[in-house]
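Visitor: Sequence:
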Amino acid sequence: MRRIPVALIESAKLDGANEWHVFWDICLPQCRSALYSVAILVFIDYWNMVEQPLILLPDADMQPLSVYLSTINAGEIGIAFAVAVIYMIPGLLMFLHGEAYLVEGIAHSGSVKG
1 MRRIPVALIE
11 SAKLDGANEW
21 HVFWDICLPQ
31 CRSALYSVAI
41 LVFIDYWNMV
51 EQPLILLPDA
61 DMQPLSVYLS
71 TINAGEIGIA
81 FAVAVIYMIP
91 GLLMFLHGEA
101 YLVEGIAHSG
111 SVKG
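Residue numbering for the sequence shown follows my numbering, beginning at 1 and increasing consecutively.
Keep in mind that a hint or two might mislead.
[Unchecked claim] Quick list of the computed label-pair ranges, beta carbon to beta carbon: (1) L28 / L96: 14 to 24 Å; (2) L69 / L35: 24 to 34 Å; (3) I79 / F43: 38 to 48 Å; (4) D61 / P90: 31 to 41 Å; (5) F95 / I72: 36 to 46 Å; (6) L57 / H21: 41 to 51 Å; (7) A100 / D59: 35 to 45 Å.
Just so you know, the hints here were simulated from the structure itself, not pulled from any lab data. Cβ coordinates follow ideal geometry from the N, Cα and C atoms, glycine included.
Put together the whole structure using the sequences plus the hints.
Guide: In structure tokens:
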């Protein structure tokens, strides 16, 4: 939000926009790629958690699929691959949905102005 020009916000206020409209109509569209990037990366990070569910959920029925994926025996490799494909689908769909925003958001984060 620091990159949004102050003149843009001031001109919106001069046109009669209140703080909410400035935020909703000016600031959020400017930050869309960063918000999508954060949402995708956080979703994938939480989707792949293994340690926290093992510690916080003592009941095996409540644990997510990521815990079971790490404990599948090597003897049933076909089932392991089928579970891995099913497990991969939500993260892949999330990534494909926001791929353009993710690339744009990562390109703009931490880069030098100029």
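Visitor: Out of the numbered hints, which ones does the structure contradict?
Guide: Violated hints (numbers, rising): 3, 4, 5; every other hint is consistent with the structure.
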